[in-house]
Amino acid sequence: MRLHPTSLLSSTLCALYSLNFYSASAIPLNFGNETLGLLDHHHVGARDDKVLLRLMPLGASITQGIETGLDEAKDEGYRRHLRDQLRYWGYEVNMVGSRSHGSFADNQHEGHPGYQLAAIDAISQNSYTLRKPNLVLINAGTNDCVQADDRNYTPLPGGTEFVEGTKDRLKSMIQNVFAASEGVVIIASTLINSQDATTNSYIETANAGYRELVLEMQSEGAKIEMADMNTGWITTDEHSDSTHPNDVAYEKMAAVWATAFKKVEANGWLVAPIDTGGSDDSNCYPTADGFRGPVQTQEGSGYSDDRYSHSSSLDDTLTYYGAAPRSLWNHFHFAQLVSLGGDEDRGKPLDERVRILDPEDRKLNNLPYMSFILNQGGGSFNTLEVAVTIVEDGTPECLSRGVRFGDINGDGLDDFLCIDLAGSLFVSLNRGGNPPTFEYIGSIRDDVYTQANVRLGDIDGDGRLDYCGLDDSGGLACWRNGGTGDAPIAKYGGYWQGMLLDGGGETFDDNAIALPATYAGVNLVDINGDGRDDWVYFYPDTSSFIYINQRGSKRDDGKGLHPHWSKASSAIGGWPDDDTVNTTMLLFGNIYGSGRADLIHVEQIGSNFDYRFNLHRNTGDGGRKLKGDGDHYCSMYGRGYDDYLWVWEGGMIDLFENVNPGNEGMWNDRGRILETAIGRKWIQFGDWDGDGFCDVLTVDRETGNVQLWRNGGVDESSGNPTFETAVTVVSGSLCPQTWNPNPEDLAVRFGDLDGDGRVDYICMDPDGRSRGWLNTASGVQAMSPNQIKVSVGFDRANHRWADVNGDGAVDFLWVDKHTGNVQCWINGGVKAALDSSMYWDEQGDIWMSGVERGANIHFPKLSTSARADYHWVHPQDGTAWTYFNEACGTGDGNAGGPDDGTISDPGLPTDPADDGDDDSGDTLCSRSDGVCPVPAAVLAAASSLWPGVDWDVTAESCLEPMFSDLVATHSRAVEMFRATAGETADTSSDTNLQTAFSTTGFNRYFVAHTGWLETEMWNAQSRKFASTLDWVRTLLYEMHLRYTLTSYPPFRHKELHQPAIPTRLRRSRTTA
1 MRLHPTSLLS
11 STLCALYSLN
21 FYSASAIPLN
31 FGNETLGLLD
41 HHHVGARDDK
51 VLLRLMPLGA
61 SITQGIETGL
71 DEAKDEGYRR
81 HLRDQLRYWG
91 YEVNMVGSRS
101 HGSFADNQHE
111 GHPGYQLAAI
121 DAISQNSYTL
131 RKPNLVLINA
141 GTNDCVQADD
151 RNYTPLPGGT
161 EFVEGTKDRL
171 KSMIQNVFAA
181 SEGVVIIAST
191 LINSQDATTN
201 SYIETANAGY
211 RELVLEMQSE
221 GAKIEMADMN
231 TGWITTDEHS
241 DSTHPNDVAY
251 EKMAAVWATA
261 FKKVEANGWL
271 VAPIDTGGSD
281 DSNCYPTADG
291 FRGPVQTQEG
301 SGYSDDRYSH
311 SSSLDDTLTY
321 YGAAPRSLWN
331 HFHFAQLVSL
341 GGDEDRGKPL
351 DERVRILDPE
361 DRKLNNLPYM
371 SFILNQGGGS
381 FNTLEVAVTI
391 VEDGTPECLS
401 RGVRFGDING
411 DGLDDFLCID
421 LAGSLFVSLN
431 RGGNPPTFEY
441 IGSIRDDVYT
451 QANVRLGDID
461 GDGRLDYCGL
471 DDSGGLACWR
481 NGGTGDAPIA
491 KYGGYWQGML
501 LDGGGETFDD
511 NAIALPATYA
521 GVNLVDINGD
531 GRDDWVYFYP
541 DTSSFIYINQ
551 RGSKRDDGKG
561 LHPHWSKASS
571 AIGGWPDDDT
581 VNTTMLLFGN
591 IYGSGRADLI
601 HVEQIGSNFD
611 YRFNLHRNTG
621 DGGRKLKGDG
631 DHYCSMYGRG
641 YDDYLWVWEG
651 GMIDLFENVN
661 PGNEGMWNDR
671 GRILETAIGR
681 KWIQFGDWDG
691 DGFCDVLTVD
701 RETGNVQLWR
711 NGGVDESSGN
721 PTFETAVTVV
731 SGSLCPQTWN
741 PNPEDLAVRF
751 GDLDGDGRVD
761 YICMDPDGRS
771 RGWLNTASGV
781 QAMSPNQIKV
791 SVGFDRANHR
801 WADVNGDGAV
811 DFLWVDKHTG
821 NVQCWINGGV
831 KAALDSSMYW
841 DEQGDIWMSG
851 VERGANIHFP
861 KLSTSARADY
871 HWVHPQDGTA
881 WTYFNEACGT
891 GDGNAGGPDD
901 GTISDPGLPT
911 DPADDGDDDS
921 GDTLCSRSDG
931 VCPVPAAVLA
941 AASSLWPGVD
951 WDVTAESCLE
961 PMFSDLVATH
971 SRAVEMFRAT
981 AGETADTSSD
991 TNLQTAFSTT
1001 GFNRYFVAHT
1011 GWLETEMWNA
1021 QSRKFASTLD
1031 WVRTLLYEMH
1041 LRYTLTSYPP
1051 FRHKELHQPA
1061 IPTRLRRSRT
1071 TA
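When we follow my numbering, the leftmost residue of the sequence shown carries the number 1, and every step to the right adds one.
These aren't lab readings, by the way, just hints derived from the structure by calculation.
In this text the structure is predicted, and so the values were computed from the model without any measurement.
For every residue, glycine included, the Cβ atom is placed at its ideal position computed from N, Cα and C.
Any given hint could be a false lead.
No farther apart than 25 Å at their CA atoms in a straight line, the calculated lysine-lysine pairs in the BS3-like style are these [to be verified]:
| hint | residue 1 | residue 2 |
| --- | --- | --- |
| 1 | LYS223 | LYS171 |
| 2 | LYS171 | LYS348 |
| 3 | LYS554 | LYS625 |
| 4 | LYS554 | LYS567 |
| 5 | LYS263 | LYS223 |
| 6 | LYS50 | LYS223 |
| 7 | LYS681 | LYS625 |
| 8 | LYS348 | LYS627 |
| 9 | LYS554 | LYS681 |
| 10 | LYS491 | LYS559 |
| 11 | LYS348 | LYS681 |
| 12 | LYS627 | LYS567 |
| 13 | LYS263 | LYS171 |
| 14 | LYS263 | LYS50 |
| 15 | LYS681 | LYS627 |
| 16 | LYS567 | LYS625 |
| 17 | LYS625 | LYS171 |
Quick list of simulated restraints, FRET-style, between CB atoms [stated by the list, open to error]:
| hint | residue 1 | residue 2 | range |
| --- | --- | --- | --- |
| 18 | ARG555 | SER443 | 35 to 41 Å |
| 19 | TYR153 | GLU675 | 25 to 31 Å |
| 20 | ASP689 | ASN246 | 52 to 58 Å |
| 21 | VAL727 | LYS50 | 50 to 56 Å |
| 22 | ARG151 | ALA452 | 15 to 21 Å |
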């Protein structure tokens, strides 16, 4: 075989392409008895001791796997395909990141749809640091190109200038990843093409910078490889929209990643991941089918105060001397219009006596429409009748028969309500003061029931008045007043929601009760003082029956928020033998501040429309304390899983030690361990000092200040924890939130936000917006910004803080009050995001479906998984069932994530750049006979570009993926040479070729196109090779290409000059 010198150069360049593309390992080349060791690249190849891959896919929506038309929860993209391939190759894989998508267990990633490079880097840095991946795949920058001309996302000047900056922004991201995780290997990819021409031009610009960047960083010794996604193999026909691939293209992406991974593997770069103190099988997210249960873990404990029994005493009277010209029956009301003591009166309301006068009632003495006398406490009222301006500026006047009072916005003050004859509800909000001022906000509820059938009461115990209506059968259907604003309408961010979720539904439906045809006797009032309005019915003779409204369960009371109605053991006796007393004479009001509605019997005295109000103090008891109200869970013995604590309403704490975690029969009754004399609602638990033992934390309801009862460890004689005297650890009124009777509605919460083993201080607004203070060894420090979580539109009573993925930091949860469904925001760490100091990754579909209403759900860690379980407690009997949140596979670097089924060949498409082997030992050709199957059409095109080259011979010496690049390089060299030497210049002579290949212009092109940088033969100042032809001849000699050396005598090795061998040869992958 004879080679023309130009053909020789072609073969030589082709050999160089092969050398760099396949990362040859220290190949010993034999020349007779002479052995030369070259290019000291360590090659790992296939081996039994493969390291665990803690792999972080990093980028935006393509990393998440968005495919138009596919449910977001099923987004997998290339991730699952690649994971299956790596497992098939024998690697254990744990994919990590702060986000989770896809219908496979190990589906974590760090893909942030819509984010540009800089934003991805900013929001993900904490994830790099926390999770310490040893392999990161970066596909990022598409949004920089898509949004380059959009001023909503990209500042001026935008366009090409902005896109040219992607190289530097990617470099910054790569440097941050390297800094965050020692030993990490990075595979950076180019961006796939776009169906939009403008975007595609930007993508080409970005990709050019990416290829240069990877080569530059490789030349500096960085463990980084390129995965070229934009070679023409992935086409825009394989897109689901203009930007995102379909599954065919995602499979191709996986194949390209896999090819790049083989190069990483061949380079021997992979090292075991850093031990993060966790485990690689527990930091993954929960999955809906990953819960074990139900397991009954409590057989019934705690204490209740049994059924409600009514009793009362006539303690005081109040006299009204008539000023109106006619009877005022049904014109008096009792409502809390004024708060004398501020927030401390919440839960102990004192109702004023209110008078409403219709137009005819006011004629004689020009009396005000509305007036009141102040309740001074203890059954004593001020004698001064104070007028209140309620009707002004066109506000419609409501006749007394339609007037009601109740707290619409949960501020503790009763608002003025008007129900018209059709049942529509109009509101004037009580804005406080003495006398109070009112703001008319109009209608908040359209007619559903007639005026006579409407009842208003707080059914769900959240401190806000709900809307109910009576049907013909005596059933009561209710809609809850939802939201945290001033009213349950869109203007205030509120809504009406059926108590049974899918409509009002039968909220009270005891068919065993025979009700009279009249609805006049139905009253909704809090008769036992638990914050929930009860059913009190007066028969026409004023005898009664009472059903107490308690928190119910789906198991016993049905779906939604259907209450558990507990029949009182005794009711209001009334005046059945006195026919002068009827139900219109009976009112309810909070006269004595006990929280229990007192009965007021109104009677007319004299002939001048004077009235006496007989005040019957409610002394009833029971039906208020439920066994399920006292349940708490925390690790009192420091074993990493929770024990069970039952807290009495008076602040006594009983302990049940967890002796069989994760199973039935786990409790050992340890008895009373502490008495705090603090109300149950204000007692919480958490490890304040980071010693592993849970402490007792009590919160002042007015200021949010905290006292610590430190757990001093276990007493050897009793086996119980011991506690130190309480000390104040949080002061300064950091969270002076208003209080309401709902036991789940807590402003102050505790949870380990930063994963340092200490619970931190969290203050929640009513709408769930949260602020945080880190609990450090040197004290409590406000986070900056102080906000740690924006509101997501739900009230705080439905939010929980629990560690669902076992990483040691609490996550943010919302529990649907009707169904018990859970939505999670995974804690992404202390990293500024938007207006908050922490990043949260919303995960709406990782939790099991709810089995009980939200108020019955707890999230303790009852097994050894270190993950919060789904645990529901029956409110009435204290029994409980647990769904264990099992670990999903093993950052100790010792075992992989969840197996996701049988390991098998995923059948990825063949990447044209992958020759199918592990690349060890490749020198020049992929066929043993030295002939590569270069298509005839490509050979013809090459011959026409440079007819002086014997391309058939060259094709025998080259790997096919390099051939097109070689053609392009030669074509450029000819263009440059003829541009200076003339169109007819001879390009076949060795001298002329040396001239062409030594020009600065060609060298710049050659470096940019092949990716070769910073070798010993490269002059950085002149940016060209010192002697290109001599250099390639030397490398030809070193590669020992027998079939060319023996055929072309001038290049026998004994005749060649041998310059120093280049120590680094780096290039990006280019394909045919």
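Going down the list of hints, with the structure as the test:
In summary, the hint linking LYS223 to LYS171 is supported, as the alpha carbons are separated by about 13 Å, within the 25 Å threshold. Note on LYS171 and LYS348: the hinted pairing is violated, with a Cα-Cα distance of about 63 Å set against a maximum of 25 Å. Between LYS554 and LYS625, the direct Cα distance comes to roughly 19 Å. Compliance with the 25 Å bound is thereby established for this hinted pair. The straight-line distance between the Cα atoms of LYS554 and LYS567 is roughly 19 Å, inside the 25 Å bound, and the hint therefore holds.
Distance check on the hinted pair: LYS263 and LYS223 sit about 11 Å apart at the alpha-carbon level, within 25 Å; holds. Between the alpha carbons of LYS50 and LYS223 the distance comes to roughly 18 Å, so the proposed pair stays at or under 25 Å and holds. For the proposed pair LYS681 and LYS625, the alpha carbon gap of about 12 Å is at most 25 Å, so the pair holds. This hinted pair checks out: LYS348 and LYS627 have alpha carbons roughly 23 Å apart, not beyond 25 Å.
A C-alpha spacing of about 24 Å is found between LYS554 and LYS681, which places the hinted pair at or below 25 Å, so the restraint holds. At most 25 Å may separate the alpha-carbon atoms for a hinted pair to count; LYS491 and LYS559 exceed this at roughly 29 Å. For the proposed pair LYS348 and LYS681, the alpha carbon gap of about 15 Å is at most 25 Å, so the pair holds. Distance hint between LYS627 and LYS567 is fulfilled; the C-alpha atoms sit about 17 Å from each other, no more than 25 Å.
Under the criterion of a C-alpha separation no larger than 25 Å, the hint pairing LYS263 with LYS171 is consistent with the structure, at around 21 Å. Restraint check for LYS263 and LYS50: the C-alpha separation of about 15 Å stays at or below 25 Å, so the hint holds. Proximity of LYS681 to LYS627 is assessed by CA-CA distance (about 14 Å); at most 25 Å being required, the pair is judged to hold. In summary, the hint linking LYS567 to LYS625 is supported, as the alpha carbons are separated by about 15 Å, within the 25 Å threshold.
At most 25 Å may separate the alpha-carbon atoms for a hinted pair to count; LYS625 and LYS171 exceed this at roughly 61 Å. Between ARG555 and SER443 the Cβ separation comes to about 38 Å, which falls inside the hinted range of 35 to 41 Å. Here the CB-CB span from TYR153 to GLU675 is close to 59 Å, at odds with the stated 25 to 31 Å. Hint check: ASP689 to ASN246, Cβ distance near 54 Å, so the stated range 52 to 58 Å holds.
VAL727 and LYS50 have their C-beta atoms about 53 Å apart, which keeps the hinted 50 to 56 Å range intact. The beta-carbon spacing between ARG151 and ALA452, approximately 59 Å, falls outside the hinted interval of 15 to 21 Å.
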